[in-house]
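K.L.:
Residue numbers (my numbering), protein chains in the order written: chain A, 1 to 314; chain B, 1 to 271; chain C, 1 to 325.
It is worth saying that the hints were derived from the structure and are not from the lab.
Predicted, not measured: the structure shown is a model, and the values here were computed from it.
Do not take every clue at face value.
Below are the SDA-like pairs computed for lysine to any residue, each with C-alpha atoms no more than 25 angstroms apart in a straight line [to be verified]:
no., chain 1, residue 1, chain 2, residue 2
1, B, Lys-21, B, Asn-60
2, A, Lys-187, A, Ala-167
3, B, Lys-135, C, Asp-57
4, B, Lys-197, B, Ser-244
5, B, Lys-135, C, Gly-29
6, A, Lys-171, A, His-145
7, B, Lys-135, C, Lys-199
8, B, Lys-95, C, Ile-64
9, A, Lys-269, B, His-226
10, C, Lys-324, C, Gln-198
11, A, Lys-171, A, Ser-133
12, B, Lys-133, C, Gly-63
13, B, Lys-166, C, Lys-277
14, B, Lys-133, C, Asp-57
15, B, Lys-135, A, Asp-267
16, A, Lys-269, C, Pro-239
17, C, Lys-277, A, Asp-267
Covered stretches of chain B, going by a simulated chain C footprint (3 or more residues, C-beta under 8 angstroms) [stated by the list, open to error]:
no., stretch
18, 94-108
19, 125-139
20, 147-157
Cβ coordinates follow ideal geometry from the N, Cα and C atoms, glycine included.
Listed below are the residues making up each chain.
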Amino acid sequence: MKPNLLVVGSHAPAMFVDVERPPLIGETIKGENFRDQIDGGKGSNQAIAAARLGASVSFIGRVGNDRLGKTFTTWLESDSVDHQWLFIDEEHPTGAGLNIQTDDGDCALITWMGANQFLSKEQVEAAIEHYPSSKILLTQFEIPHEIALFASDLAVRLGKMSIVNPAPATKLDCLAQHQISILVPNKIEAFTLLGLDISDDQDLREICYELRDAVHAESVIITLGKDGSIGLDNDGIWEITAPQVESIDASGAGDVFCAAIGVGLLDGKSIREASKWAAYAAALSVTRQGTIPAFPYRNELDKFIKAQLEGLNV
Amino acid sequence: MIYDDKELKRIARNIRINIIKMTSTARSGHPGPSFSIVEILTALYFWKMNIDEEDILSDNRDRLVLSKGHAAPALYATLVEKGVFNENELNNFRKIGSPFQGHPDGKNPGIDATTGSLGIGLSQAVGMALGAKRKSANLSVYAVIGDGECDEGQIWEAALFANHNKLDNLTVFLDHNGDQFEGRVEDVISLSPLLEKWQAFGWDVYQFNGHDFNQIKDFLEKASIHNGKPKIGIAETRKGFGVSFMEGNHAYHARSLTEDETKKALDELRN
Amino acid sequence: MSKSNTLSAILGERYSQRKALGDALVMLGEENPNLFVLSPDVGSSTNAIKFQTNYQDRYVCTGIAEMNTVGIAAGLAYMDFIPVVVGYAIFITGKAWEPFRNSVAYPHLNVKLVCTHAGINVGPDGATHQAIEDLALMHSIPGVHIFVPGDAQQVLASLRRALSVDGPVYIRLEREPIPQLLTAKPSQYLDDQYEIFQKGEIAILAIGGMVEPAVKAAVTLKQECGQDIRVICVTTLKPLNTEKLIQSLEGVQGIVTAEDHNIFGGFGSFIAETLAKFKPLPMEMVGLQDVFGCSDSATNLKYHYGLTSRHIIEAVQSLQFRIKG
């Protein structure tokens, strides 16, 4: 099937370590279970998550001519993600990251972007224009944000929907000049984009409105982890509670959510319906250990949703 | 690009050919009333208006509101000639999803306002002219209204407002072809004395042959003087002008040409 | 708690939505440099004229010409202004309905209509000036958002939300001052509905100035009959937040709607249309029973045409009787 969902994003596989709590600056703490894990960085995570949920995906990105880059192509192939637009950089190594996992199942991330930083507008343009029948573009800020926003602009101009996951976020004054169909930050990213200090007093509905105005997106969805999500489109606010599950490992849940929004829209769901569906997908992934290995397949998600709904009717 | 009269006439002929093509393909439309404004639109789009087909949504472009919206085929054919729309769209006139809807649809870049309901266009042109003034934008707003359309009260509301607010960046063509749906204008609702009415409303009024490029250009030059008054040119025209059997023929007000008539008309226009 | 104590916890002082409108426009004019206010000769009554004092360049009095006003608003929208037409409901939505529908709504332009003088609470001016069909007129046009703020403090929030919508919006305001809804304080942006009382098997859904008699009816029924009656102030009529409404109606057996509008094609009608599909329930509709108003004080008219808390109580009891069979 021709790719219907394009991901313009990063590949920066993470190494993992378990800690009781995250370290403070200047501290050395003991970690355990230092390991390579199958976690690609947001771009490749979202591509694989989307593929498992049933989209036909093409990944557009840049890796080094090294072990990590080669391993990546095998990951993509095993989930049938098209990678003809995965550019090989002879000069720069593949990006990478360190993921710190706490006992509570929360995580924090340090990334270094490597070859990802050298993905060019020309490369992105050539790739996107190669798939005129694709409908969704998914991108994040682990590649240079100008490239991500360029991709979003181009996608919208070509009549596609662009989903921008502004992670990691900084305050960007240029956002208003770009075209974004759906902006999906988490709470920290939402506050950061607006240049605000994160606080629990702020009414999230107002944050949604401010963000949608500041960024000129058609819709905004702020993900709130176990508190679900809150969204705003032209018709107003909607709030989604997260399905109640036992959280084993939350790493990658945000990526599953973003990917599932894209796949939901491809299925013809409205953005609100897609958000609900995405909440189930993310919930299922946190009940499982690992990042990419926890990403659900479509049939698994269907079963999970059925069970959840039946559970609610008891 | 500067077009001389010979070029303008050639363009006008192409526009008429395309009006016939699109209405005959759709088997629907108003070829007669579209024909009467061809020279006006040609002069506007190819001689006067500041429009760049490569940058059709530019903020500083001049605007054209076709208030007599049923003449849409004339506008569409002109925009195809100008390169704003592809020639293929002529086959999609009055079809689902086409930018060439039955009456102008302002959602489409290149078409400046939604019209078709007679009487609503001039107000929109007035709003654009007002907006331009308030923004100190140096652009001109043009509108084409029909004579039958002057039966509508909203036209006169707009006329009062434009004068009171000194909208001298607004230039209107009144397509005085003397004919409306149910009969001759003078028999349905007489507008006479027409010039005096517009003068009484405070407009600078001109009258000329609406099919003569020199006279149209002359009017447009006079109209570009900013003297605190909106301008209206009463263009004396004929429905169906340009094809012998269509000229002055009421039959083509709201009916497209038959296959035979189409062939005859195109033959005449091409020679 | 005595009845008056409970009421004073819910219903605050009376404030004029029209006054709040003038202040809101001035505030928003500062925040939004593209805001442009159009007034068809009623600026001193609607308080739109306050905007002119502060932002002369972005204000125009268009005279007694509502159709032209709406057309000019469309033209201004094409020039990247955000036009807000402020007039009387019957003349803007009525006389200018077709130019609005064809120049603004069909091309989905970013024009807002903010209308005062909706309902019979217009009072002495009489029937010609009392808009009792405006919701029907606006609701039936595709793509037009409709907000009905429940009090004066919600007016600013409704305008802010209207400005965040890309497309045509209709906001309906009363002429008479109405009590502040102390437990329905909006954030900066208007919510879709405000739940005032959450418990009970009968729910009263009310809009605008009818929230006050709805609350009074509920409090009376609680005090005098020990009954819990839900009251929801619905502020976003289109798009109706069906999901939220249905959630709020969990456990409800019947609904009374209350509006200062004809019951045909009005708020009750929209609720019935929506719920018929998802949660059909017996209903009673308090409102103008397909009759025109006339001249008198707003208070007298409300008694005469059945828009008081007593009428709502009767509707609740009638519904309860029907449900119990």
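K.L.:
Tell me the hint numbers this structure goes against, listed in increasing order.
P.N.:
1, 4, 7, 8, 9, 11, 13 and 15
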